[in-house]
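When we follow the numbering used here, the leftmost residue of the sequence shown carries the number 1, and every step to the right adds one.
Be a bit skeptical, because a hint or two may be false.
What the hints assert, rightly or not - With a straight-line cut-off of 25 angstroms between C-alpha atoms, the simulated SDA-like cross-links for lysine to any residue are:
1) K167 <-> F124
2) K84 <-> D58
3) K167 <-> L195
4) K103 <-> Q42
5) K84 <-> I172
6) K199 <-> D58
7) K56 <-> I240
8) K81 <-> I173
9) K71 <-> L195
10) K199 <-> G82
11) K84 <-> Q99
12) K71 <-> P92
13) K143 <-> Y72
No wet-lab data here; the hints were simulated from the structure.
What you are looking at is a predicted structure, and each value in this text was computed from that prediction instead of being measured.
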Amino acid sequence: MKQIIKKACLNLIPYKFLKIISQYSIEKIYIESNKFKISFSQQGEDIIIQNFFENKNDGFYIDIGAYHPIKYSNTHALYLKGWKGINIEPNPEYFNLFQSIRKRDLNLNLGVSDRNDMLTFYKFNNPAVSTFMSDHATTWSKKENFFIEQTLQIEVRPLDEIISVYKPNSLIIDLMSIDCEGMDFLVLRSNNWELYRPKMLLVEMPSYDNKNFCDNEIYLFLIANNYTLFAICGITAIFIDSRNAG
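Construct all of the structure, not just a fragment, from the sequences and the given hints.
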């Protein structure tokens, strides 16, 4: 009877109210329904993710440039479903949000690059475009209503080093999401693709030509490392591991 009532409520609650409830509640009522899925991602990427991992309730993800634990998140729906993982976010303010909201996850206030270093992090009034890349920061600061609020010195480390230190040895990486505002290719190059291979990989390719995306350096790099393009959502490319396609 409890399940019947629950499913009836799911069908009656309007979408907009259900989304609000799901954002600010630890209840995972919508995840338990097979009738629909709600997206937290910026361009619906997590719908593709949920479909790909339809029957997996205990997976492991690494979210690099995680930004916010809920807004635009590619991993929040999975977290509500029971997954856990590592969130890497250089913005101290948003890192603290992860600490408060994603208590089951390991959250790191770091950046990722191809070497160990301290880099300048350009924190914008719109945190979604904050970046380590000076040219990226210059471009955005010239746009109306965008400005740099603060510059911070943030530690960066190579991805393979971070994974080797913080990933539990027993866990396979099911999903990796990379959104690093201009640093994406450096992040990819900093991983050991023989040791750490997510089944599904999301990465921004903002400069690709939708007619000739095969010339993109990120695409060519991942194809060379035995990944296959699975889907494109806006500027996000989704790849799957050709060595472990099942």
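Okay, the hints, checked on the actual structure:
Simply put, K167 and F124 have alpha-carbon atoms about 30 angstroms apart, too far for the 25 angstroms limit, and the pair is violated. Our distance criterion of 25 angstroms between C-alpha atoms is met by K84 and D58, whose separation comes to about 7 angstroms. This hinted pair checks out: K167 and L195 have alpha carbons roughly 12 angstroms apart, not beyond 25 angstroms. The hinted pair formed by K103 and Q42 meets the criterion: a straight-line CA distance of about 23 angstroms does not exceed 25 angstroms.
A distance of roughly 12 angstroms separates the Cα atoms of K84 and I172; the hinted pair therefore holds under the 25 angstroms criterion. For the given pair, K199 sits about 14 angstroms from D58 by alpha-carbon distance, which is consistent with the 25 angstroms threshold. Under the criterion of a C-alpha separation no larger than 25 angstroms, the hint pairing K56 with I240 is consistent with the structure, at around 16 angstroms. About 16 angstroms separates the Cα atoms of K81 and I173, which keeps this hinted pair within 25 angstroms; it holds.
Our distance criterion of 25 angstroms between C-alpha atoms is broken by K71 and L195, whose separation comes to about 31 angstroms. Taking the CA atoms of K199 and G82, the gap is near 18 angstroms; set against the 25 angstroms cutoff, the hint holds. Taking the CA atoms of K84 and Q99, the gap is about 13 angstroms. The hint holds against a cut of 25 angstroms. A C-alpha spacing of about 16 angstroms is found between K71 and P92, which places the hinted pair at or below 25 angstroms, so the restraint holds.
As the CA atoms of K143 and Y72 are separated by approximately 21 angstroms, the hinted pair is consistent with the 25 angstroms bound.
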